[in-house]
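For the record, the sequence lines run as chains A and B. Positions 1 to 232 (the UniProt record's numbering) are the ones given, in order, by the first sequence. Positions 1 to 232 (the UniProt record's numbering) are the ones given, in order, by the second sequence.
Hints are supplied without guarantee of correctness; some may be wrong.
Below, a sample of chain A positions facing chain B; criterion: calculated Cβ distance under 10 Å [to be verified]:
no.	residue
1	Trp83
2	Arg127
3	Trp141
4	Ser153
5	Glu197
6	Ile201
Keep in mind the hints are simulated off the structure, nothing from the lab. Every residue gets a Cβ at the ideal spot worked out from N, C-alpha and C, and that includes glycine.
For reference, the chains in residue letters:
Protein chains: 2
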Amino acid sequence: MPPGPRTRPAKTALSREAVVAAALRVVDEVGYEAASMRRVAAELETGPASLYVYVADRRELMEAVHDLALADVALPTGADGDWRARLELLIDRMVAALAAHADIAMAAIAGVPLGPHSLRVNEEVLRLLRVGGIDDAACAWAADLLGQYVASSALEQAAWRREQREIADPGRATTEAMGAAFAGRIDAVYAALDPAEFPTIVALRPLLTGGGGDARASWKLRVIVDGLLAQG
Amino acid sequence: MPPGPRTRPAKTALSREAVVAAALRVVDEVGYEAASMRRVAAELETGPASLYVYVADRRELMEAVHDLALADVALPTGADGDWRARLELLIDRMVAALAAHADIAMAAIAGVPLGPHSLRVNEEVLRLLRVGGIDDAACAWAADLLGQYVASSALEQAAWRREQREIADPGRATTEAMGAAFAGRIDAVYAALDPAEFPTIVALRPLLTGGGGDARASWKLRVIVDGLLAQG
DNA sequence: GTTCGCGACGAACACTGTTCGTGGACGGAA
DNA sequence: TTCCGTCCACGAACAGTGTTCGTCGCGAAC
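Given the sequences, and given the hints that come with them, work out the whole structure.
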């Protein structure tokens, strides 16, 4: 007698791309940290051991997911303006593509991204910087700085977006959810500070947590590029 | 009969500060990720459940450790120059203080730092920016940008430092360790790229992984501050 | 001297990433 | 067609993880 109802009709649909795509779906649903190997395997209706045929470990899987998220980024064309406009557009697209998939940008902080789409996009960043007349050594370090900006901004934007989703969630749209909100919780800490000890924080309090969206991000990007140009 | 050799002579030395200090020691030894509640408890010669009297969860503990690491940062004085020199010195000290304790800066990425020492240091950052004549709204966003720079640079520096320690480790100072090294592994990826597809990366290859130390960090900081001044 | 509360902590729960071994399915060779 | 060999899906297990609960001993208050 067979040990159980072993029905395996079309289970051969496993591949590296299928695993990475499933992992991206799971990250979208439950976030970066909660996207465990077991949950990804469950998404594929298999066991966790099956994933290790196509992926060395969780880190490599998440790097692949991060790279897949960057596949949506289209390189700006000549119609998008001069090198600076194109660079800022490209960076904005990178941040948007990453922030669209929860906090997958964490993978870029845990390890340097070296996937094919990361390389494709970074090649274009470096090329645009050179077109802009930036010194070669400055190009290399600028790409590093811009990479840090992309990861940080994508994480910030993802956190801000998740907060809005939690507030909009009718299941817990109570005072508790409002109190646990992202900017709200931070602002509450600032509001409770002693103005004699932290005069500047208290004075700037409305500005510190305001404008968590695109204005903040594009301002930061402008600062960095202006700073680059100042290195002449 | 007592249920076992329950010898408890001087076990009453537990407190929140003792827990956080022990956690900092563990982070120094094994790193941020491997610093588990069980290891911290073992450092205090107790069980993991004992920690939860003084700390809500691992996240809060790591935020407290991050804040403790910033306690070493001394605020620059008038003898250190004008506002810009003081600001850059302060930021450098923050990066150095965090990078001295492995990758504890990860705690600043997982959540916005709001501990007492973070507040103390951020108050001074905001104050110096205002002294420099930066617009109030720009001050708020600049502090955010500088915070991202501090966390990213501390992580980068910690990774670079760990790599050097692993190479210097006589136990595995073989070709394997050299091949698995940080900058070396990245450079190897770049070296294997097709020059027709990634011409800029290949052309700038020696510059991309070079200068991983202080020069890179201070250059980035100069870019940011120059960019701030360009906002008028 | 007795009671009472605080807190240290053993045990357990529900997970996690990863490895091993089995065994079935499929390709090509005889 | 039969056989063999390779591949790989997957059950089971290992060694951990964060966190919670209940107990129980100790110090202090009454």
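Results of checking the hints against the structure:
This hint is violated: tryptophan 83/A has a C-beta 13 Å from the nearest C-beta of chain B, more than the 10 Å allowed. Interface restraint check: arginine 127/A against chain B, minimum CB-CB distance 5 Å, threshold 10 Å, status holds. With a least beta-carbon distance of about 6 Å to chain B, the hint placing tryptophan 141/A at the interface is held under the 10 Å criterion. The restraint placing serine 153/A at the interface with chain B holds, with a minimum CB-CB distance near 8 Å, inside the 10 Å limit.
Because the smallest distance between the Cβ of glutamate 197/A and any Cβ of chain B comes to about 8 Å, under 10 Å, the interface hint for this residue holds. With a cut of 10 Å, the hint placing isoleucine 201/A at the interface with chain B holds, because the nearest CB-to-CB distance is about 5 Å.
When each numbered hint is compared with the structure, a violation occurs for hint 1 only.
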